[in-house]
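Chains A and Y are the protein sequences, given in the same order. Just so you know, full-length UniProt numbering puts 94 at position 94 of the first sequence, and the rest follows in order with no gaps. Just so you know, full-length UniProt numbering puts 129 at position 129 of the second sequence, and the rest follows in order with no gaps.
It is worth saying that the hints were derived from the structure and are not from the lab. Take these hints with a grain of salt, some might be off.
Remember, identical chains collapse to one label, so a pair may be satisfied in a single copy or spanning two.
As the list claims (entries may be wrong) - Dumping the calculated DSS-like pairs for lysine-lysine here, alpha-carbon to alpha-carbon at most 25 Å:
(1) K141 to K155
(2) K12 to K157
(3) K137 to K155
(4) K379 to K63
(5) K157 to K73
(6) K137 to K157
(7) K82 to K269
(8) K269 to K141
(9) K141 to K98
(10) K63 to K377
(11) K63 to K31
(12) K269 to K155
(13) K445 to K379
(14) K187 to K445
(15) K338 to K379
(16) K338 to K350
(17) K314 to K338
(18) K73 to K63
(19) K12 to K98
(20) K338 to K286
(21) K286 to K322
(22) K269 to K137
(23) K384 to K338
Values in this document were obtained by computation on a predicted structure and should not be read as measured data.
There are 2 protein chains.
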Amino acid sequence: MERTLNLQTVGKIGEEVLVEGWVAARRNMGKIVFIDLRDRSAVLQVVMVPSELDETSKELLTKLRPEFVLSIKGIINNRGAKQTNTDLPTGTVEVLAKSFEILAEAETLPYDLNDAELKTDTLLDYLPLNLRREDEKAIFKVQESLLDGFRAYMKQKDFTEFQCSKLVAGATEGGANFFTLDYFGYKAYLAQSPQFYKQMAVGVFERAFTVGQVYRAEEHDTNRHINEYTSLDFEMGFIHDHHDIMQMIEGAVRAMIGKVAENNTAELKTLQATLPEMPEQFPHMKLNEALQILHDEYGEDCLGEPDFEPHQEKLIGEYTKKTWNSDFLFVTHYPVAKRPMYTSEDEEDKGYTKSFDLLFRGQEMVTGGQRIHNYEKLKANITKWGLNPDDFEFYLIPFKYGMPPHGGIGMGLERVTMSLLGLNNIKQATFLPRDQVRIDLPLSKLQGEKKK
Amino acid sequence: MERTLNLQTVGKIGEEVLVEGWVAARRNMGKIVFIDLRDRSAVLQVVMVPSELDETSKELLTKLRPEFVLSIKGIINNRGAKQTNTDLPTGTVEVLAKSFEILAEAETLPYDLNDAELKTDTLLDYLPLNLRREDEKAIFKVQESLLDGFRAYMKQKDFTEFQCSKLVAGATEGGANFFTLDYFGYKAYLAQSPQFYKQMAVGVFERAFTVGQVYRAEEHDTNRHINEYTSLDFEMGFIHDHHDIMQMIEGAVRAMIGKVAENNTAELKTLQATLPEMPEQFPHMKLNEALQILHDEYGEDCLGEPDFEPHQEKLIGEYTKKTWNSDFLFVTHYPVAKRPMYTSEDEEDKGYTKSFDLLFRGQEMVTGGQRIHNYEKLKANITKWGLNPDDFEFYLIPFKYGMPPHGGIGMGLERVTMSLLGLNNIKQATFLPRDQVRIDLPLSKLQGEKKK
Numbered sequence: 001m002e003r004t005l006n007l008q009t010v011g012k013i014g015e016e017v018l019v020e021g022w023v024a025a026r027r028n029m030g031k032i033v034f035i036d037l038r039d040r041s042a043v044l045q046v047v048m049v050p051s052e053l054d055e056t057s058k059e060l061l062t063k064l065r066p067e068f069v070l071s072i073k074g075i076i077n078n079r080g081a082k083q084t085n086t087d088l089p090t091g092t093v094e095v096l097a098k099s100f101e102i103l104a105e106a107e108t109l110p111y112d113l114n115d116a117e118l119k120t121d122t123l124l125d126y127l128p129l130n131l132r133r134e135d136e137k138a139i140f141k142v143q144e145s146l147l148d149g150f151r152a153y154m155k156q157k158d159f160t161e162f163q164c165s166k167l168v169a170g171a172t173e174g175g176a177n178f179f180t181l182d183y184f185g186y187k188a189y190l191a192q193s194p195q196f197y198k199q200m201a202v203g204v205f206e207r208a209f210t211v212g213q214v215y216r217a218e219e220h221d222t223n224r225h226i227n228e229y230t231s232l233d234f235e236m237g238f239i240h241d242h243h244d245i246m247q248m249i250e251g252a253v254r255a256m257i258g259k260v261a262e263n264n265t266a267e268l269k270t271l272q273a274t275l276p277e278m279p280e281q282f283p284h285m286k287l288n289e290a291l292q293i294l295h296d297e298y299g300e301d302c303l304g305e306p307d308f309e310p311h312q313e314k315l316i317g318e319y320t321k322k323t324w325n326s327d328f329l330f331v332t333h334y335p336v337a338k339r340p341m342y343t344s345e346d347e348e349d350k351g352y353t354k355s356f357d358l359l360f361r362g363q364e365m366v367t368g369g370q371r372i373h374n375y376e377k378l379k380a381n382i383t384k385w386g387l388n389p390d391d392f393e394f395y396l397i398p399f400k401y402g403m404p405p406h407g408g409i410g411m412g413l414e415r416v417t418m419s420l421l422g423l424n425n426i427k428q429a430t431f432l433p434r435d436q437v438r439i440d441l442p443l444s445k446l447q448g449e450k451k452k
Numbered sequence: 001m002e003r004t005l006n007l008q009t010v011g012k013i014g015e016e017v018l019v020e021g022w023v024a025a026r027r028n029m030g031k032i033v034f035i036d037l038r039d040r041s042a043v044l045q046v047v048m049v050p051s052e053l054d055e056t057s058k059e060l061l062t063k064l065r066p067e068f069v070l071s072i073k074g075i076i077n078n079r080g081a082k083q084t085n086t087d088l089p090t091g092t093v094e095v096l097a098k099s100f101e102i103l104a105e106a107e108t109l110p111y112d113l114n115d116a117e118l119k120t121d122t123l124l125d126y127l128p129l130n131l132r133r134e135d136e137k138a139i140f141k142v143q144e145s146l147l148d149g150f151r152a153y154m155k156q157k158d159f160t161e162f163q164c165s166k167l168v169a170g171a172t173e174g175g176a177n178f179f180t181l182d183y184f185g186y187k188a189y190l191a192q193s194p195q196f197y198k199q200m201a202v203g204v205f206e207r208a209f210t211v212g213q214v215y216r217a218e219e220h221d222t223n224r225h226i227n228e229y230t231s232l233d234f235e236m237g238f239i240h241d242h243h244d245i246m247q248m249i250e251g252a253v254r255a256m257i258g259k260v261a262e263n264n265t266a267e268l269k270t271l272q273a274t275l276p277e278m279p280e281q282f283p284h285m286k287l288n289e290a291l292q293i294l295h296d297e298y299g300e301d302c303l304g305e306p307d308f309e310p311h312q313e314k315l316i317g318e319y320t321k322k323t324w325n326s327d328f329l330f331v332t333h334y335p336v337a338k339r340p341m342y343t344s345e346d347e348e349d350k351g352y353t354k355s356f357d358l359l360f361r362g363q364e365m366v367t368g369g370q371r372i373h374n375y376e377k378l379k380a381n382i383t384k385w386g387l388n389p390d391d392f393e394f395y396l397i398p399f400k401y402g403m404p405p406h407g408g409i410g411m412g413l414e415r416v417t418m419s420l421l422g423l424n425n426i427k428q429a430t431f432l433p434r435d436q437v438r439i440d441l442p443l444s445k446l447q448g449e450k451k452k
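Using the sequences provided together with the hints, build the complete structure.
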């Protein structure tokens, strides 16, 4: 018999079906046992009455525990108006089991899956089990939609997706915080971003995007940083200025949120999350204008600062919400000194860049801007930043042989997921979080050794 | 004026347009200069007649060289039947330039882009430039379609895409050839595959897939191996046996080829590639049956061997083509000793596994099979393979708490691209190839140091 998914049982009253899944819960009501059977589509109530079961199944009945994997044959019955569970999409039906098979047993759970509070080290230790919780799983269904929305929009706008290496030969972007690798006896590094390669891809495809893991060997331990994350990156050629990039990422963000709205009603409900306010156009202001507002409205002593403090990001987010009913705000014109060496200066606003951050609910979500496309200017800027152009030989090739005005963005998928769903910690939005002390299990435990 | 893409000029005879792109070629015909302008959509002929140009442009005309980036205003003219270039999608029109602007200059090319032969070290050194060639770019447009086809099929079949970490704490799968990393003073490794994590994802989503880079620190230098590649992986629960997996990957492969057929007619023509023969069902046979055929038909001394030699893979590919007019062949039942410790043994064919390779044109393209889902059996197998179950604590969690029968596949995107397009070397199918001696540029050169 072909398997019927739990969600497909609705409306098949009276039919005999084969359903398969995990025991999410088991309730003994005297002789009758109720099973909540979880599969990828939904949770379904299965009624186990000994007198209805074949002999083998009857004997197995007492064995069942949460997370046992079952294959059940039975009849779909109507639950009747009084017994309907409106919280479940399958709440109008139940399956009366005729026989079942145990596909896999489960040991007694280390904690109650339905009852678990916030993630702790123990919950991270048990991540493969913990992710089975409805709310945990929901986070990654939403995350998948965000990525789908991004990809679909990029393709619609004629961007080509390419596969970007995570290995680089020199930690040359000028920053610290690279992970170092033994590469056939040479030193290599894990890439902090696909920046150089996506710019190179502009020379090939004009419009290119890539999705993949990037690495920051940063020793901070905040609720919004993690050492490996998924970066969504695009770069486009033949732009006029950074406003073209802002328009493109605004469209992409709308598509991402749109995909969640389309696919994830149930998940949003589970997670008690609300979709953001998006006015017809996202508001934008220069950094100095934002600092002026912080000064005037909130008494912040911040005029002339090169960036926000985290609490100021929150404040300007509140101001944006209050003033324009928007959860999004573009902040442009960060000072030249605060941006990477490839960032375009605004010729009409010297000392400031044609770059931007997109804040979402008072937190940086996207960084982007126009890049320098002129070969001589870029080389000069590398020198000005105290770096050696010889170290950038490969990166400079496309510029040496003709690069159009271009720009792009980078956006952390886990960060967006976290902000959208109002999670407390970015690790909750990371399928396999890697932090300073843990890769799956605590490093000290795994390696039975002390840190050097 | 809004930019018109080259491909959009067709049918807009008489209109004034702005076109932008790279000088793909420049031909001087006395005073008239013909420019082949390349943008992401197509190549377009632009006619530069000094008397038609404004003064500034007239002066710039002698400066133009290949790979200059131009922004051109002009009028679209019909080329007339005799002048039509049937090789170009824009071959019926040309643009008579009225003015142009140089967006970026280009140095004299190190070689003729249109004329370049096979990849050499020099061409790899100039990869950002080399990729601009029509045939190089075409490879990655086809690759993108292969991936699109895979993703679309997976989603249609209810698989969830998840983001998989590339960092693992132990080189525990039993193999060698891991890259070692300094992770906050601890040793970590680059993952060889997402195997353990996608199995864990079966416990969460039942059906899951992931696309990402994987690493092999192998010191071989063949035309079909590379040290970082893009792995397409899926894993699905509640299967009967490996035939369910074979059916799923066959569907995915058809979708991948279908997407190329749909999107890449021009690229296939450029690359002189033909799509594979796919009979209604891909043929399949056990390894021992294939070895028997090799023995009987080709006189190979291979009976009882645990795998094919590369030349035997080619021979069995020829046999498959000849016998079933198929470019694909499933080979099943590799010996237990030749497969990883998580592979299911066939209870009805002891000593052999419920695993398979999918050969494509005489080359391994996919490896897959059913896994062991029983906790005790898996633990016992780990021990039998000479490994320590304690090292697999995190991996074993889902099995300890109920895992359905499941299986899946892994497939190298660059390998598939190479075979489909008949390329000589997998580096040609890799956007940023990493081999033993090179990350972008030769490592010895970059690091100015000798290998330890």
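query = Given identical chains, is K314 near K338, meaning Cα to Cα at most 25 Å, within a copy, between copies, both, or neither?
reply = within (20 Å within a copy, 57 Å between copies)
message = When Cα atoms must be at most 25 Å apart, do K286 and K322 count as within-copy, between-copy, both, or neither?
response = within (18 Å within a copy, 68 Å between copies)
task = Please work out whether the CA atoms of K338 and K286 approach to 25 Å or closer within one copy, between two copies, in both situations, or in neither?
result = Only inside one copy: K338 and K286 sit 14 Å apart there, 62 Å across copies, limit 25 Å.
ask   = Between copies, within a copy, both or neither: which fits K63 and K377 at Cα up to 25 Å?
value = Between copies only: 20 Å across, 73 Å inside.
request  = Can you give me the call for K338 and K379, within, between, both or neither, at a CA distance of at most 25 Å?
outcome  = Within one copy only: 18 Å inside a chain, 53 Å across chains, cut-off 25 Å.
key: Intra- versus inter-copy proximity for K155 and K269 (alpha-carbon distance at most 25 Å)   = Between. Shortest inter-copy distance 23 Å satisfies the 25 Å Cα cut-off; intra-copy 30 Å does not.
K384 and K338: within-copy, between-copy, both or neither at 25 Å Cα = Only inside one copy: K384 and K338 sit 13 Å apart there, 57 Å across copies, limit 25 Å.
request  = Have a look at K73 and K63 and pick one of within, between, both or neither, based on CA distance no larger than 25 Å.
outcome  = Intra 18 Å, inter 79 Å, cutoff 25 Å: intra-copy only.
ask   = How would you label the pair K269, K141 (within, between, both, or neither) given a Cα cut-off of 25 Å?
value = within (13 Å within a copy, 39 Å between copies)
request  = If the cutoff is 25 Å on CA atoms, where do K157 and K73 land: within, between, both or neither? Let me know, please.
outcome  = between (49 Å within a copy, 23 Å between copies)
Homo-oligomer pair classification [K137, K269; C-alpha up to 25 Å] = Close inside one copy (13 Å), not across copies (44 Å); limit 25 Å.
message = Regarding K141 and K98, is the shortest C-alpha distance of 25 Å or less found within a copy, between copies, in both, or in neither?
response = neither (33 Å within a copy, 53 Å between copies)
Hint 9 from the earlier list is the only one contradicted by this structure; the remaining hints agree with it.
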